[in-house]
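Line by line, the protein sequences give chains A and B.
For what it's worth, the numbering used here labels the leading residue of the first sequence as 1, then goes sequentially.
For what it's worth, the numbering used here labels the leading residue of the second sequence as 356, then goes sequentially.
Read the hints as simulated data drawn from the structure, not as lab findings.
Mixed in with the good hints there might be a few duds.
As the list claims (entries may be wrong) - Using C-beta positions, here's what the derived DEER-type ranges look like: (1) Ala664(B) to Ser302(A): 54 to 62 angstroms; (2) Ser34(A) to Asp705(B): 49 to 57 angstroms; (3) Tyr17(A) to Gln653(B): 35 to 43 angstroms; (4) Leu549(B) to Leu226(A): 49 to 57 angstroms; (5) Ser37(A) to Arg570(B): 37 to 45 angstroms; (6) Ser53(A) to Arg684(B): 22 to 30 angstroms.
Stated by the list, open to error - Heads up, simulated EDC-like pairs for lysine to aspartate or glutamate below, C-alpha to C-alpha not over 16 angstroms straight-line: (7) Lys655(B) to Glu702(B); (8) Lys315(A) to Asp420(B); (9) Lys315(A) to Glu424(B); (10) Lys635(B) to Asp688(B); (11) Lys275(A) to Asp333(A); (12) Lys630(B) to Glu699(B); (13) Lys249(A) to Glu52(A); (14) Lys630(B) to Asp688(B); (15) Lys315(A) to Asp457(B).
Cβ atoms here follow ideal geometry from the backbone N, Cα and C, with glycine treated the same way.
Protein chains: 2
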Amino acid sequence: MVCTDIHSALAPVLARYDQDQVVFVVDENLRSSSVLSRYFIGISSVLLPVHESQKSLETVQRIWDFFFESNLTRRGLVVAVGGGVLTDLAGFAAATYKRGVDCLNIPTTLLAMTDASTGGKTGFNYRGLKNSIGLFAPPVETLIWPGWLETLPPQQFLSGYAEMLKTGLVDVRRDDVRCTKGDGLWEALLRYDLDTTPLDALAPLIEACVAAKERVVAADPHEDGLRKVLNFGHTFGHALEEIQMVNGKSSNGKWLHGYAVLYGMIAELYLSVVKLGCPKEPLQQLTRLMTDYYGRPQCKCSDRAALIALMQQDKKNERAAQINCTLIRSVGDPVINQVITPAEAGEALDYLFSL
Amino acid sequence: MVCTDIHSALAPVLARYDQDQVVFVVDENLRSSSVLSRYFIGISSVLLPVHESQKSLETVQRIWDFFFESNLTRRGLVVAVGGGVLTDLAGFAAATYKRGVDCLNIPTTLLAMTDASTGGKTGFNYRGLKNSIGLFAPPVETLIWPGWLETLPPQQFLSGYAEMLKTGLVDVRRDDVRCTKGDGLWEALLRYDLDTTPLDALAPLIEACVAAKERVVAADPHEDGLRKVLNFGHTFGHALEEIQMVNGKSSNGKWLHGYAVLYGMIAELYLSVVKLGCPKEPLQQLTRLMTDYYGRPQCKCSDRAALIALMQQDKKNERAAQINCTLIRSVGDPVINQVITPAEAGEALDYLFSL
Numbered sequence: 001m002v003c004t005d006i007h008s009a010l011a012p013v014l015a016r017y018d019q020d021q022v023v024f025v026v027d028e029n030l031r032s033s034s035v036l037s038r039y040f041i042g043i044s045s046v047l048l049p050v051h052e053s054q055k056s057l058e059t060v061q062r063i064w065d066f067f068f069e070s071n072l073t074r075r076g077l078v079v080a081v082g083g084g085v086l087t088d089l090a091g092f093a094a095a096t097y098k099r100g101v102d103c104l105n106i107p108t109t110l111l112a113m114t115d116a117s118t119g120g121k122t123g124f125n126y127r128g129l130k131n132s133i134g135l136f137a138p139p140v141e142t143l144i145w146p147g148w149l150e151t152l153p154p155q156q157f158l159s160g161y162a163e164m165l166k167t168g169l170v171d172v173r174r175d176d177v178r179c180t181k182g183d184g185l186w187e188a189l190l191r192y193d194l195d196t197t198p199l200d201a202l203a204p205l206i207e208a209c210v211a212a213k214e215r216v217v218a219a220d221p222h223e224d225g226l227r228k229v230l231n232f233g234h235t236f237g238h239a240l241e242e243i244q245m246v247n248g249k250s251s252n253g254k255w256l257h258g259y260a261v262l263y264g265m266i267a268e269l270y271l272s273v274v275k276l277g278c279p280k281e282p283l284q285q286l287t288r289l290m291t292d293y294y295g296r297p298q299c300k301c302s303d304r305a306a307l308i309a310l311m312q313q314d315k316k317n318e319r320a321a322q323i324n325c326t327l328i329r330s331v332g333d334p335v336i337n338q339v340i341t342p343a344e345a346g347e348a349l350d351y352l353f354s355l
Numbered sequence: 356m357v358c359t360d361i362h363s364a365l366a367p368v369l370a371r372y373d374q375d376q377v378v379f380v381v382d383e384n385l386r387s388s389s390v391l392s393r394y395f396i397g398i399s400s401v402l403l404p405v406h407e408s409q410k411s412l413e414t415v416q417r418i419w420d421f422f423f424e425s426n427l428t429r430r431g432l433v434v435a436v437g438g439g440v441l442t443d444l445a446g447f448a449a450a451t452y453k454r455g456v457d458c459l460n461i462p463t464t465l466l467a468m469t470d471a472s473t474g475g476k477t478g479f480n481y482r483g484l485k486n487s488i489g490l491f492a493p494p495v496e497t498l499i500w501p502g503w504l505e506t507l508p509p510q511q512f513l514s515g516y517a518e519m520l521k522t523g524l525v526d527v528r529r530d531d532v533r534c535t536k537g538d539g540l541w542e543a544l545l546r547y548d549l550d551t552t553p554l555d556a557l558a559p560l561i562e563a564c565v566a567a568k569e570r571v572v573a574a575d576p577h578e579d580g581l582r583k584v585l586n587f588g589h590t591f592g593h594a595l596e597e598i599q600m601v602n603g604k605s606s607n608g609k610w611l612h613g614y615a616v617l618y619g620m621i622a623e624l625y626l627s628v629v630k631l632g633c634p635k636e637p638l639q640q641l642t643r644l645m646t647d648y649y650g651r652p653q654c655k656c657s658d659r660a661a662l663i664a665l666m667q668q669d670k671k672n673e674r675a676a677q678i679n680c681t682l683i684r685s686v687g688d689p690v691i692n693q694v695i696t697p698a699e700a701g702e703a704l705d706y707l708f709s710l
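Could you build the full structure based on these sequences and the hints that come with them?
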């Protein structure tokens, strides 16, 4: 839920647990957050780094160890406060600690608010592959407080906005799910002012994206079919992220997921045009946003073969070595399980690198 | 399901998957099993040790690595063939690999057939605590073929039989779930000939135990309440196992779980008599089985305090440091969430060590 006051939203949840059975797992960037400090008095907490490079089994072990040292029982509550890397790690650790303890997500980045902290995906990177070990383990609740975004660096904001744009491209446009009267989520997102990023106009867009994602997840929690629409942009995006061709970096040097997804969406929109006859307009609109705000990917054409090989190993593939994408026929009309040949993947990369 | 021919039971399950997407995780003791060898031609397999000491995160990593090296996708099947340690490890690795791949259990020990491979508990030992990291992740199917038991060492047989005795003690004795006309599972188990261990008379007892466990698990899959009846004997049993006071060892030196559970049941039957007025008869019957077949625990009274401390850390506890047991009012009438004081726990240990 999107809340206007994090304290009054958190209090009734914490009241359901014994006070000595609530532990906090917190992004170390929030060490000095005045919003949080009141909760740390007398409550166990651990501060964790949030680099993508530390989204590892070792960090999961640190969290497990912290739970054991806090004498957390199965009746306890883990409160995960931070970005998507942190909530993914804490969610996995909580779901596997003593066969599962409750986890509450408090996402503090736009990316985590609109994507990572809803839908129950948890996990970590293993053997250099993103989220290749993990679980579907929904949090007991997700408290979204846009106030965190006031101090979010612009690159982090844009990273989250890319996932919102993805939701706008794939959200099925039925009358009952339209974001604003007269047009859809995609148009509303294009109209939002990315220069001044007003929070009051952003809150309803966050709500619409979370609601769109929740509808999809409720219909297909374990990604057997429909949920794959949310993977739009991610087949290419994950490979670009794994090979570190992403342009946007956070202040701590972490590669930003949303930038990779934005580049991935351009490659996959190109394939949507070529293979499914999608109109060119969304591709042009997204390319304009890239040049105006995100910048081009860090292109090294010599990485082309490695990118294709990474896509062939993607966990989203139904068959070994066969690249699987979600594409769109038009905005709001996604098509899952599109098999891409290595040649087609190369063509889409060439297009992306030519921009 | 209990089957009379493992090959004809396995074939239709394997047929549901692409052949290159089936991998075997096999107990290394079965290396030369003629039953299995036909499946290993052209199919990826890994042989794993099954010592309790190797029920570790490192072994889970070995299994994950094997899955990646086999190019297993999310549409694949993991076939776990072995005892409970192996099916617990393979089940956890499968449930977390790429957020979950199907797992088929083929238990080869009596313990795994009647307990570990049904009910979906998976996991490994961490920080010296049994199964302290894990998940509820039911297999797609469990194929029970009693033929494996022909070559099972007697200690392994007795270890499994102890878990069957536990099921007999806690299974609710309603007319519709009676094992044999006129009396219950407990009496039928006491009548079974442990000197000659005939397989034909054992098969219906295995079926009754699996059915009893499945009824409990279906009613409470995540152990929020009722399922705790299956923990009878395990609060003391796990502590005895962790401190290695178990008498029975397998040929490879592994401490046998069922022996620990049998000693644990004697301690918890003692508490059932003292605290809940349970008749003494089942305690006497179980003690007789211990002296006739299992032998006494390896008693070192100096470990008494350490055993109590271990029980206070048990993941089954609802509150930190409070020992939680399942006890029985009589055979077939279990009572969950009985809080035991350290003094009572000590008294039960004194009784057990005095036998």
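For each hint, the structure was consulted:
{"no.": "1", "hint": "Ala664(B) to Ser302(A): 54 to 62 angstroms", "verdict": "59 angstroms, holds"}
{"no.": "2", "hint": "Ser34(A) to Asp705(B): 49 to 57 angstroms", "verdict": "55 angstroms, holds"}
{"no.": "3", "hint": "Tyr17(A) to Gln653(B): 35 to 43 angstroms", "verdict": "40 angstroms, holds"}
{"no.": "4", "hint": "Leu549(B) to Leu226(A): 49 to 57 angstroms", "verdict": "54 angstroms, holds"}
{"no.": "5", "hint": "Ser37(A) to Arg570(B): 37 to 45 angstroms", "verdict": "50 angstroms, violated"}
{"no.": "6", "hint": "Ser53(A) to Arg684(B): 22 to 30 angstroms", "verdict": "56 angstroms, violated"}
{"no.": "7", "hint": "Lys655(B) to Glu702(B)", "verdict": "15 angstroms, holds"}
{"no.": "8", "hint": "Lys315(A) to Asp420(B)", "verdict": "14 angstroms, holds"}
{"no.": "9", "hint": "Lys315(A) to Glu424(B)", "verdict": "13 angstroms, holds"}
{"no.": "10", "hint": "Lys635(B) to Asp688(B)", "verdict": "14 angstroms, holds"}
{"no.": "11", "hint": "Lys275(A) to Asp333(A)", "verdict": "14 angstroms, holds"}
{"no.": "12", "hint": "Lys630(B) to Glu699(B)", "verdict": "9 angstroms, holds"}
{"no.": "13", "hint": "Lys249(A) to Glu52(A)", "verdict": "11 angstroms, holds"}
{"no.": "14", "hint": "Lys630(B) to Asp688(B)", "verdict": "14 angstroms, holds"}
{"no.": "15", "hint": "Lys315(A) to Asp457(B)", "verdict": "14 angstroms, holds"}
Going down the numbered hints, you'll see the structure goes against 5 and 6, while the others check out.
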